[in-house]
Amino acid sequence: MNRLQQLAQQAQLNPVQPAAPAHSGRLNLYRLPWLRPLLESRWPQLAVRALTLAGFVFAIAAGLLGSPVGSHNFAIIFVWIAWWSAFKLVFIPFGGRSWCSICPIPLPGDWLQQGGILTRGRGLGLKLRWPRRLKGAWLQSAAFLLIGLFSALTLTSPRLSGWVLLGLFALATGLSLVFEKRAFCSSICPIGGFSGLYAQAAPLELRVLDTDICAKHGDKSCYQACPWGLYPVALRDSSACGLCLECLRACPKDNLALNLRPFSAELGAPRSASRLDGAFLALVMLGSALAFAAVFVGPWGWLKLAAYRVGSAAWWGYAAGFLALNLLALPGLFGLAVWAGGSRRLPGRRPAFRQVDHGLIFGRLVAADESSGIPAQAVALVLIQPHAHVIGNQPAHDFLAKIRARPPFGPAALIWVEINSAGIFAPAIELPEQVSFGARGEVVENHIHNHGDAVGMRSPHEFHKPL
Amino acid sequence: MNLSKWQRWLVLAVLAAAVWWAPVSSLAAAPAERVFRIQASQFQYLPAELQVNPGDHVTIELVATDVVHGLSIDGYNLQTSADPGQTARLSFTSSQEGTFRFRCTVTCGSLHPFMIGKLHVGQNNLLWRAAALAGLALLGSAWLAAGYRGKP
Numbered sequence: 000m001n002r003l004q005q006l007a008q009q010a011q012l013n014p015v016q017p018a019a020p021a022h023s024g025r026l027n028l029y030r031l032p033w034l035r036p037l038l039e040s041r042w043p044q045l046a047v048r049a050l051t052l053a054g055f056v057f058a059i060a061a062g063l064l065g066s067p068v069g070s071h072n073f074a075i076i077f078v079w080i081a082w083w084s085a086f087k088l089v090f091i092p093f094g095g096r097s098w099c100s101i102c103p104i105p106l107p108g109d110w111l112q113q114g115g116i117l118t119r120g121r122g123l124g125l126k127l128r129w130p131r132r133l134k135g136a137w138l139q140s141a142a143f144l145l146i147g148l149f150s151a152l153t154l155t156s157p158r159l160s161g162w163v164l165l166g167l168f169a170l171a172t173g174l175s176l177v178f179e180k181r182a183f184c185s186s187i188c189p190i191g192g193f194s195g196l197y198a199q200a201a202p203l204e205l206r207v208l209d210t211d212i213c214a215k216h217g218d219k220s221c222y223q224a225c226p227w228g229l230y231p232v233a234l235r236d237s238s239a240c241g242l243c244l245e246c247l248r249a250c251p252k253d254n255l256a257l258n259l260r261p262f263s264a265e266l267g268a269p270r271s272a273s274r275l276d277g278a279f280l281a282l283v284m285l286g287s288a289l290a291f292a293a294v295f296v297g298p299w300g301w302l303k304l305a306a307y308r309v310g311s312a313a314w315w316g317y318a319a320g321f322l323a324l325n326l327l328a329l330p331g332l333f334g335l336a337v338w339a340g341g342s343r344r345l346p347g348r349r350p351a352f353r354q355v356d357h358g359l360i361f362g363r364l365v366a367a368d369e370s371s372g373i374p375a376q377a378v379a380l381v382l383i384q385p386h387a388h389v390i391g392n393q394p395a396h397d398f399l400a401k402i403r404a405r406p407p408f409g410p411a412a413l414i415w416v417e418i419n420s421a422g423i424f425a426p427a428i429e430l431p432e433q434v435s436f437g438a439r440g441e442v443v444e445n446h447i448h449n450h451g452d453a454v455g456m457r458s459p460h461e462f463h464k465p466l
Numbered sequence: 000m001n002l003s004k005w006q007r008w009l010v011l012a013v014l015a016a017a018v019w020w021a022p023v024s025s026l027a028a029a030p031a032e033r034v035f036r037i038q039a040s041q042f043q044y045l046p047a048e049l050q051v052n053p054g055d056h057v058t059i060e061l062v063a064t065d066v067v068h069g070l071s072i073d074g075y076n077l078q079t080s081a082d083p084g085q086t087a088r089l090s091f092t093s094s095q096e097g098t099f100r101f102r103c104t105v106t107c108g109s110l111h112p113f114m115i116g117k118l119h120v121g122q123n124n125l126l127w128r129a130a131a132l133a134g135l136a137l138l139g140s141a142w143l144a145a146g147y148r149g150k151p
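The listed protein sequences derive, respectively, from chains S and Y.
The letter at position 187 of the first sequence is residue 186 when you use numbering that gives the first Met the number 0, and the numbering goes up by one with no holes.
The letter at position 22 of the second sequence is residue 21 when you use numbering that gives the first Met the number 0, and the numbering goes up by one with no holes.
A couple of the hints might just be wrong.
[Said to hold, decoys possible] To be clear about the criterion: a stretch of chain Y counts as covered by chain S if any three or more of its residues have a C-beta under 8 Å from a C-beta of chain S, and this derived list gives those stretches:
hint: 1; segment: 42-52
hint: 2; segment: 112-123
[As the list claims (entries may be wrong)] When the alpha-carbon atoms are kept at most 25 Å apart in a straight line, the in silico SDA-like pairs for lysine to any residue are as follows:
hint: 3; chain 1: S; residue 1: Lys87; chain 2: Y; residue 2: Ala131
hint: 4; chain 1: Y; residue 1: Lys4; chain 2: Y; residue 2: Leu137
hint: 5; chain 1: Y; residue 1: Lys117; chain 2: S; residue 2: Ala292
hint: 6; chain 1: S; residue 1: Lys87; chain 2: Y; residue 2: Gly134
hint: 7; chain 1: Y; residue 1: Lys4; chain 2: S; residue 2: Pro261
hint: 8; chain 1: Y; residue 1: Lys4; chain 2: S; residue 2: Leu259
hint: 9; chain 1: Y; residue 1: Lys4; chain 2: S; residue 2: Gly24
hint: 10; chain 1: Y; residue 1: Lys117; chain 2: S; residue 2: Thr118
hint: 11; chain 1: Y; residue 1: Lys4; chain 2: S; residue 2: Pro202
hint: 12; chain 1: Y; residue 1: Lys117; chain 2: Y; residue 2: Val23
hint: 13; chain 1: S; residue 1: Lys126; chain 2: S; residue 2: Glu179
hint: 14; chain 1: S; residue 1: Lys252; chain 2: S; residue 2: Thr118
hint: 15; chain 1: Y; residue 1: Lys117; chain 2: S; residue 2: Gly297
hint: 16; chain 1: Y; residue 1: Lys117; chain 2: S; residue 2: Pro298
hint: 17; chain 1: S; residue 1: Lys87; chain 2: Y; residue 2: Arg100
hint: 18; chain 1: S; residue 1: Lys87; chain 2: Y; residue 2: Val51
hint: 19; chain 1: Y; residue 1: Lys4; chain 2: S; residue 2: Phe262
hint: 20; chain 1: S; residue 1: Lys126; chain 2: S; residue 2: Leu165
hint: 21; chain 1: S; residue 1: Lys87; chain 2: S; residue 2: Leu322
hint: 22; chain 1: Y; residue 1: Lys117; chain 2: S; residue 2: Trp301
hint: 23; chain 1: Y; residue 1: Lys117; chain 2: Y; residue 2: Val51
hint: 24; chain 1: S; residue 1: Lys87; chain 2: Y; residue 2: Arg128
hint: 25; chain 1: Y; residue 1: Lys117; chain 2: S; residue 2: Leu152
hint: 26; chain 1: S; residue 1: Lys87; chain 2: Y; residue 2: Ser109
Hints were generated in silico from the structure; no laboratory data involved.
This one's a predicted model, so the numbers in the text were calculated from it and none came from an experiment.
The beta carbon of each residue, even a glycine, is placed where N, CA and C say it ideally should be.
Given these sequences and hints, build the entire structure.
Shown next, in the form of structure tokens:
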């Protein structure tokens, strides 16, 4: 009896028992008897996604048809304040890309592509391959910059917010009818790029338990089932995985794990990805955070008006400054630092430059703290006083004054930043081995290095061929 | 000096506690009478940053130049508002040390939620302590990493 037969027999005897050894230092949530049914069934996830889809459609309608006053409009309050705050303060720190698993934007496209909601039919669409030169986070960085240029207007104008949300919806659905898998999510969605970067610091990961089992499995059910086009064996970090859990459900060998792990476990780990596009995205987010903090919570009224009056001479000046900061100043400064650090080679060819995303996750958290304060307070206000005008009326300000008089949010935000920054200790601690690649570990690593990563492989079978 | 894993963590914990709770002596000046005249327009205060010492008796004269604007100060639980062309006054004693935002209390336009100024009372020790802790986290991580390099 070979090992696979043993595993199959073991799984039949007791399907809850691990079919392969668990990753040391990790808690496999998929093995928890009370949680497994919830993860295994598509219904709970579908129910949540149906709710987010309803909320998203309502936000579009409210933005386009509702009150033109931003602080009275659902689209502004619940998208740019409530959702954005929850996204930054809860989803990303604790779940990495967990929002992607319930995001409503790709939902209609998914259904059309697979020809069904819970089951698969013939499906619609051309299913073309996404152009190779457009892969990576470059378009996501561009999308982030584009939104950043108009952020003061988008965040305060319900009409524009409605059109932006509708545009994202239409783009995601349209692309899913032309390209295979989730082209929009993988290569364009600025939020996906943003959360993918931080997913490397989150305490949640999806990993294969035993790569030998995958190598011997002919169907590669996980790859076929993944709406992102990922092959789980090749996952080096969590930046690309949307945690939809379709691979766990599809794997007949029960060979996948949804692990709870230490915070920041991937940062600085030698096996994690090192990509120039990821580094650039990190710099863009840092630059954007600095600019947004100056515009929205800084005391400079002229800067707020410059960012708001799109098309005016002042706005062109703001746009030029915003782009220069993100495209020239920060990459230039960092390149200079890398060069001064000892290398005479071009910064772009330096692995150190590519690792900037790891270092800047910390820097970005510090910068983000400043801009998180107002949304966090407004969310508390909305939840406790749903009929208040949020910002602007007397009860609202009395409430905010009470909050600030203590003030729980300032120190809480600082402590939160400190907790996050403490996460950078994690790689330094003698943590258990990150991912067990088994006896073929080196082969897998070399293959990743020479043939690319988990994203967009034509055939996962090639992944297991010896070099 | 070869310290074990737990000794290094202990050293860092002690340093962190010292940074957070260490008493800071403030060279406080004698309390004085301070009067600021602030012009409020969409969507800014001029001046937007005020610097006072702890214990000063502060009077803010708020002048609205275009539409109705207000002013409330975080942490001090007081506010006022001024009609266009009118002046409103706010007096208080700067009893709490730190940096506090003040913001408009009357919806005055699209960017009203972001109409913000800052009141600095003495030194912003919270900020410097947080910055020191962040620096300690960075240095500490390098120290811990150096301690474990080469270990199986």
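Taking the hints in turn, this is what the structure says about them:
1. 42-52: As far as the segment 42-52 of chain Y goes, the hint holds, because 6 residues have Cβ atoms under 8 Å from chain S.
2. 112-123: holds (count 6)
3. Lys87(S) to Ala131(Y): 24 Å, holds
4. Lys4(Y) to Leu137(Y): 17 Å, holds
5. Lys117(Y) to Ala292(S): 14 Å, holds
6. Lys87(S) to Gly134(Y): Measuring from Cα to Cα gives roughly 23 Å; hence the hint holds.
7. Lys4(Y) to Pro261(S): With Cα atoms ~17 Å apart, Lys4(Y) and Pro261(S) stay inside 25 Å; holds.
8. Lys4(Y) to Leu259(S): 24 Å, holds
9. Lys4(Y) to Gly24(S): Distance ~18 Å between Lys4(Y) and Gly24(S) Cα, so the pair holds.
10. Lys117(Y) to Thr118(S): 57 Å, violated
11. Lys4(Y) to Pro202(S): 23 Å, holds
12. Lys117(Y) to Val23(Y): Measuring from Cα to Cα gives roughly 22 Å; hence the hint holds.
13. Lys126(S) to Glu179(S): Between Lys126(S) and Glu179(S) the Cα gap is close to 4 Å, so the pair holds against 25 Å.
14. Lys252(S) to Thr118(S): 21 Å, holds
15. Lys117(Y) to Gly297(S): Distance of about 9 Å is within 25 Å: holds.
16. Lys117(Y) to Pro298(S): 7 Å, holds
17. Lys87(S) to Arg100(Y): 22 Å, holds
18. Lys87(S) to Val51(Y): Since the Cα atoms of Lys87(S) and Val51(Y) sit roughly 34 Å apart, the hinted pair is violated (cutoff 25 Å).
19. Lys4(Y) to Phe262(S): 19 Å, holds
20. Lys126(S) to Leu165(S): Holds. Lys126(S) to Leu165(S) sits at ~23 Å (cutoff 25 Å).
21. Lys87(S) to Leu322(S): Roughly 24 Å separates the two Cα atoms, so the pair holds.
22. Lys117(Y) to Trp301(S): Satisfied, since the Cα-Cα distance of roughly 16 Å is no more than 25 Å.
23. Lys117(Y) to Val51(Y): 11 Å, holds
24. Lys87(S) to Arg128(Y): 24 Å, holds
25. Lys117(Y) to Leu152(S): 24 Å, holds
26. Lys87(S) to Ser109(Y): 24 Å, holds
Checked against the numbered hints given earlier, this structure breaks hints 10, 18; the rest are met.
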